[in-house]
Amino acid sequence: MNTLQFNGGGYSRPQKRAAGLDIIRGIAIFFVIAGHFFLHTGFNTTNFSGVSMFIQGMAQSLFIINVDLFMMLTGYLNINKRVERNYYLNGLRVIISYLFISVVVILFRKYYSGDDYTWTQWFLKITDFSAIPYAWYIEMWIGLFLLTPFLNILWCNIESRKNKRILILTLYLLTALPDFFNRYGVSLMPGWWENLFPLEFYFLGAYVREYRPDVAKWKLALLILAVCLVNPIFNVLFVRNHSMMHIMGDGNGLFGIPLAVFVFLLFYRTDIKNGLLCKILALISVLSLDMYLFSWMFDDLLYGYVNSLGMSQSKLGIWFFAIVGTIFMLSLSAAWIKRIVFRLLRIPT
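All the letters of the sequence shown, read from the start, carry residue numbers 1 to 349 under the numbering used here.
Don't take every hint at face value.
No farther apart than 25 Å at their CA atoms in a straight line, the calculated lysine to aspartate or glutamate pairs in the DMTMM-like style are these [said to hold, decoys possible]:
#1 K315 x D300
#2 K219 x D271
#3 K162 x E194
#4 K81 x E139
Restraint-style ranges between C-beta atoms, simulated for each label pair [what the hints assert, rightly or not]:
#5 N274 x K217: 27 to 35 Å
#6 L146 x A322: 36 to 44 Å
#7 I55 x D115: 20 to 28 Å
#8 R82 x W319: 47 to 55 Å
#9 W192 x L169: 38 to 46 Å
#10 V104 x R165: 40 to 48 Å
Read the hints as simulated data drawn from the structure, not as lab findings.
Even glycine gets a Cβ: it sits at the ideal position worked out from N, Cα and C.
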């Protein structure tokens, strides 16, 4: 059986695995799980001071681009998709996975966490994408998946590279500027179109696929480091006795979008000769969506225990890789078991 890979916009049968793209998927799912470390610990309410908090501030600034990378992969890999029966059938695989994992998480929430809902309410939570609290991505994905063939028609009929850049810049202005300037009850930019950011990342991925930009890796590494220092340095200079202010904004913001592009360009051309490493990356890549959906369950399990220990956020930072690595491996194991179950039941994986 040929293996299907999740590319952010559906499942497709690859002609030949590109190690660089598998690396990006691996980075993206790691960033998702790592980013939730800051969501589930006291980072956002802890005074920003000390070396540990500075390093954690840099890390959070990097990890915020997690789903951005998935959406760029969607554009990179799906730019040639057309209105075809097989395209839509492949999309059903994502929905089937979502429904299956939703049932698993519902059973966990009902019988372990004690969430008290009727079965009718649980069903409605599946349909409104709240059964798995991280499933907003699936709700977004459905629209992006359905639009993809028509976005490709638009892209392919823009006659020049210059005009394609103008489209990307226009979407950047519509999505990034409101994220940066409209805060704390103040609105300085038109914000109605801000949620178009999936299209921004889609077309960025399509642009990279078509024009294959090649930037020196050392330059990209320095740019990534510089962007990740924005939040911590700003807070050291201008904020006292307060939790970290996220001057950068979100992953779809003024700094987040370029940061995602820098990380994507750093790895997408990477080639790996080691066969075992390629197989490991390919496995993580194939299971990345399922890992994403399962990870909430293990977040709920582990962070409940971690937070009960009463450690300061600075000390928790020391345990970052142990905590995140444990959740990563548990999510990978659950996704792998689900894959085996699907194969036994002859459900396409």
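Results for each hint:
Using a Cα cut-off of 25 Å, the hinted pair K315 and D300 holds, with the two alpha carbons roughly 20 Å apart. For the hint pairing K219 with D271, the CA-to-CA distance comes to about 19 Å; that is within 25 Å, so the pair holds. Taken as a hint, the K162 and E194 pair is honoured in the structure, with Cα atoms around 23 Å apart against an allowance of 25 Å. The hinted pair formed by K81 and E139 meets the criterion: a straight-line CA distance of about 20 Å does not exceed 25 Å.
For the pair N274 and K217, the supplied restraint of 27 to 35 Å is violated, since their beta-carbon distance comes to about 19 Å. Between L146 and A322 the Cβ separation comes to about 41 Å, which falls inside the hinted range of 36 to 44 Å. I55 and D115 have their C-beta atoms about 35 Å apart, which leaves the hinted 20 to 28 Å range violated. Take R82 and W319: their Cβ atoms lie about 48 Å apart, and the range 47 to 55 Å holds.
For W192 paired with L169, a C-beta distance near 18 Å fails the hint of 38 to 46 Å. For the pair V104 and R165, the beta carbons lie near 44 Å from each other, so the given range of 40 to 48 Å is met.
Against the hints set out earlier in the document, violations occur for numbers 5, 7 and 9.
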